[in-house]
Amino acid sequence: MLRLPGTNPRTPGHLISAADLSRDETVLILDTAEEMARVADRPIKKLPTLRGRTVVNLFFEDSTRTRISFEAAAKRLSADVINFSAKGSSVSKGESLKDTALTLEAMGADAVVIRHGASGAPYRLATSGWIDGAVVNAGDGTHEHPTQALLDAFTLRRRLVGADAGLGHDLAGRRVTIVGDVLHSRVARSNVLLLHTLGAHVTLVAPPTLVPIGVERWPCEVSYDLDRVLPDSDAVMMLRVQRERMNAAFFPTEREYARRYGLDGDRMGRMPGHAVVMHPGPMNRGMEITAEVADSGRCTAVEQVANGVSIRMAVLYLLLGGNEPAVTHSLPRTEENTQP
Amino acid sequence: MSTILIRGAKILGGEAADVLIDGETIARVGTGIEAGDATVVEAAGQVLLPGLVDLHTHLREPGREDSETVLTGTKAAAVGGFTAVHAMANTFPVADTAGVVEQVWRLGRESGYCDVQPVGAVTVGLEGKNLAELGAMHESAARVRVFSDDGKCVDDAVIMRRALEYVKAFDGVVAQHAQEPRLTEGAQMNEGVVSAELGLGGWPAVAEESIIARDVLLAAHVGSRVHICHLSTAGSVELVRWAKSKGWQVTAEVTPHHLLLTDELVRSYNPVYKVNPPLRTEADVTALREALADGTIDCVATDHAPHPHEDKDCEWAAAAMGMVGLETALSVVQETMVETGLLDWAGVADRMSFRPALIGRLESHGRPVSAGEPANLTLVDPAYRGPVDPAGFASRSRNTPYEGRELPGRVTHTFLRGRATVVDGILA
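These protein sequence lines are chains A and B, in that order.
Numbering-wise (the working numbering), the first sequence opens with residue 1 and increments by one.
Numbering-wise (the working numbering), the second sequence opens with residue 341 and increments by one.
Since the hints were derived computationally from the structure, they do not count as laboratory data.
Any given hint might turn out to be false.
[Claimed, not checked] Short derived list, chain B residues pointing at chain A, Cβ under 7 Å: (1) E531; (2) L538; (3) L540; (4) D651; (5) E655; (6) W656.
[As the list claims (entries may be wrong)] Here are some, though not all, of the chain A residues that point toward chain B, as calculated from beta-carbon distances under 10 Å: (7) A121; (8) L125; (9) S128; (10) H184; (11) R186; (12) E216; (13) R217; (14) F251; (15) P252; (16) R255.
Quick caveat, the model's predicted, so the values are computed rather than measured.
Where is the CB? At the ideal position from N, CA and C, for every residue including glycine.
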């Protein structure tokens, strides 16, 4: 079985950036996640694959959702999980990232899942020689959040292609629109890179103040006009917009933002019938998305959360699986699905 | 007093000649000078330069002796071929009074490795609000002529105007750290393609250029001298070129690292590349080299900024800004300016000694290599090429971006008023 370690030249054996994944590696992760998803349908939602391995969730920022998603993923693979909440930056806390890393290394962490407010902190952790274990980026500053992009791609493939029909497939030709605070969004950065790798066409929509200088080199298009882009979208991904951005003059008022860039029922009506609405959560209802849209059957926000566990199981399995039996052997699909 | 004969060095890269040092002074320059009982330095193939002058050095004392002291910093300066450095004012306490600048000046005299010319703060505590006692600092033993809030920009236009006007009374100059503060809140690196990908807060070129534009206009308006610290963008070059074309009294410096490195290096997230102003793009590097060659930029200044290891051995956002530079400056200038054909050695002498001394109004530095002049001299072996090894630095800090990088040129001897501070590349 193709494994992640060694395939990525910059940070072999780690998952730091969506840019480090090839098309085939990404499809492998998505296919593996489909297998993992079936575990959730079994009476005992657990695989023995990572028994005896230790996964540390190292969270320098509060993020209950992401942490419990990784925790559930690791536990379903029978790994031992240690949650290390180092709230606040290493500076204000007085302990350096390095000392924290050395501590985890001494405890024998096989993988470190890190969430950090500083862009590049996971990269430093993976390349500094402080630890030997695999590093998984669970969101760093305004840089990247690769497992979020993977679960978004997984959700898209399920919705637009199908769970079984999608196996082995990418998202070639699909049109995905990402709307909101691109400037400060690690979700947008990872999604642009990963969706491009999978063959999708990405359009970013935001007020010009929330688009980074230098975006012209990204593999996507940029529009300031949501209404013009909606009819051509297979999926619209709404990013969380923090209200306090208003105070830094990124936009005049919350209401003006919602009018120009928020997704309401009328706007959703302009999307093609098959198109879905995505949101990485937590949602600002009434800001970037109205309750009508958020609660509609076209919104995949809750599915995304469930899919997140499957994707993170797949990532941890592929990074740490080592010489364990291929996961498919222990999964119900091979037992139940005997058709060719 | 001792006599030293430097035999066969190419003076400013030109004709080979002998230079006889008698006591603190150059006694003779010519060919076939008899050694007599002088100590002979065989210098065939080497280049003799006037002792280098740095307009922009952080010696960290008082306050941050964990990163550098006047003694270790001046040792590093001597190893790098410098005979005079300007010590920036952002110490603890800030060098904003006659007492602090005199202390730094005295520590420099005691070190004996390199003259230390303190820079005085423009405003009290570098806070940009009230003028420091500029006149008192000038009249002190330190004889301060360069004033700077370096590290912070004098962003209030009225304070800047007043400072420019006030120091005219004693031929002072304000050296501006051009950084519009509001445009650089949370800034971590150059704003552009790389920052967009890395998700690091952008430090836009316009934040530097808008302040330079304002300050050259202010200098013109009040008829004062203004010096622009560590110019880093192609746009800044255009502004300085324009100001000079008007005949305004504007001078500018560039650091060695801005002549060589670009923001592509930040992709490593290694804080050794974190510096203020930040590393820019290839186009900026090209413009800076050309501007130094054509004289738009007057001089090279190191912005030697020592930091203890722990302040760099961390994630990017938590790291301190700055790089050490005294011991590698001449090599980087040889690599970027001499080997590229942009400057000859006479040009290097001009940009690293004559002009910075002139801007700082130092009387005994940046002088010609001729009889009767103070014997402040630097001997360079330009044929040398080797990797940078921070373990061998004289500086107390090791935060160099050049570790392991192969660079040309080596300072073999440095003479401060006739005394060899460096002999065969080793501190004397």
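Structure versus earlier hints, numbers of those that do not hold, lowest first: 4, 14, 15 and 16
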